[in-house]
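Enquirer: First to last, the protein sequences are chains A and B. Residue 121 in this note's numbering sits at position 54 of the first sequence, with consecutive numbering throughout. Residue 161 in this note's numbering sits at position 80 of the second sequence, with consecutive numbering throughout.
The set of hints was computed from the structure by calculation and includes no laboratory data. Every value quoted in this text rests on a predicted model; they were computed, and no experiment measured them. By construction, the Cβ of each residue, glycine as well, lies at the ideal position given by its N, Cα and C atoms. It cannot be assumed that every hint is accurate.
[Claimed, not checked] Taking lysine-lysine and the DSSO-like style, the derived pairs with C-alpha atoms no more than 27 Å apart in a straight line are:
#, chain 1, residue 1, chain 2, residue 2
1, A, 176, B, 188
2, A, 114, A, 102
3, B, 188, A, 102
[Said to hold, decoys possible] Which stretches of chain A does chain B cover? Using the computed rule of at least three CB atoms under 8 Å from a CB of chain B, they are:
#, stretch
4, 71-77
5, 152-164
[What the hints assert, rightly or not] Residues of chain B clear of chain A, computed beta-carbon distances all greater than 10 Å:
#, residue
6, 137
7, 143
8, 150
9, 153
10, 159
11, 162
12, 184
13, 194
14, 202
15, 204
16, 217
17, 220
Next come the chains, spelled out residue by residue.
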Amino acid sequence: MRSFQERLPDFTARGIRPVAVSVDPPETTRAHLAKTGWTYTFLSDPKGEVLRRYDLLHADAGMEGDAARPAEILIDPTGTIRWVDLTEDYRVRARPETVLEVFDQLNRKE
Amino acid sequence: MRQRNFLPLAGFLVCVIALLSYFLFFYQFPVTRDIPWANWLLFALGLALVGAGVRRAFRQPERYRGRVMGPILGVLSLALLGLFLFYTLSLSRQLPVSAGAPRVGEKAPDFTLADAQGRPVRLYDLLGTAGNGAPGSWVILIFYRGYW
């Protein structure tokens, strides 16, 4: 999450908005953002409704119930999904460099 | 008078640091997170210290103490390593398959969720308004486990 903040200028320059989603309620996120100074968009799905619709709910994985299964999804301006990363190990997350490379490759082809 | 044998305790403490530093520090950086080599090195150092301490306790019992504490700390150090390996090689891989997750080429299901300020934010509004003046934005959705 920190690494996306560090590469935020590269995302902004390409017209990509990083949007993080978790089950944390807004208050938790707000406190965390105040501490870390991260500035991109963080959304709260405390009931896991969106997680369920995206089939990215990890039942009982959180401290108080469900949590998100870590994943990254790249969506173009038409709403079409262009790239999906479903990690097999929640410690190992897609790096911002990878997302930027994927984006550049997709846009070279077009 | 036999000397105190501080090596097993020092080694054990290094192993404690090896375990905790992953969650407190190295976790933050992809380079030390994905393959936890920094923690492996710390464990190797810790176990080497414990090993050297136990060895001198048994090889030179007239000089060094630690024939009881040495092996106990050795077993505890190995247990910490076992815990770390279990977490990094097994526990963190227990994830749902998510076979129903959206695939490349599909339309992303729309949703509206509250941001950190509690304001509702709609996915397709984010896609429609670019931050840099371009006709539309891309979005990289990052699903994360949360900070509780």
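Enquirer: At 10 Å, judged by beta carbons, does residue 137 of chain B keep clear of chain A as stated?
Expert: With a cut-off of 10 Å, residue 137 of chain B remains clear of chain A, as the shortest Cβ separation is near 37 Å.
Enquirer: With d taken as the least Cβ-Cβ distance between residue 202 of chain B and chain A, does d exceed 10 Å?
Expert: At roughly 6 Å from the nearest Cβ of chain A, residue 202 of chain B sits no farther out than 10 Å, so the non-interface label is violated.
Enquirer: Verify this label for me: residue 153 of chain B is non-interface relative to chain A, using a Cβ-Cβ cutoff of 10 Å.
Expert: Residue 153 of chain B clear of chain A: closest Cβ-Cβ about 31 Å, beyond 10 Å.
Enquirer: Beyond 10 Å from every chain A Cβ: check whether that's true for residue 217 of chain B.
Expert: The claim is violated: residue 217 of chain B sits with its nearest Cβ about 3 Å from chain A, within 10 Å.
Enquirer: Please verify that the nearest CB of chain A lies beyond 10 Å from residue 220 of chain B's CB.
Expert: 5 Å, violated
Enquirer: Given the hint that residue 176 of chain A pairs with residue 188 of chain B, test it: the Cα-Cα distance must not exceed 27 Å.
Expert: 20 Å, holds
Enquirer: Residue 159 of chain B clear of chain A by more than 10 Å, beta carbon to beta carbon?
Expert: 22 Å, holds
Enquirer: If you count the residues of the stretch 152-164 of chain A with a beta-carbon closer than 8 Å to a beta-carbon of chain B, do you get 3 or more?
Expert: Satisfied; 9 residues make the cut.
Enquirer: Residue 188 of chain B and residue 102 of chain A were given as a pair; does the straight-line alpha-carbon distance stay at or below 27 Å?
Expert: 35 Å, violated
Enquirer: Taking the shortest Cβ-to-Cβ distance between residue 204 of chain B and chain A, state whether it exceeds 10 Å.
Expert: 8 Å, violated
Enquirer: Is the Cβ of residue 184 of chain B more than 10 Å away from each Cβ in chain A?
Expert: 6 Å, violated
Enquirer: Between the alpha carbons of residue 114 of chain A and residue 102 of chain A, is the straight-line distance 27 Å or under?
Expert: 25 Å, holds
Going through the hint list in order, the structure does not satisfy hints 3, 4, 12, 13, 14, 15, 16, 17.
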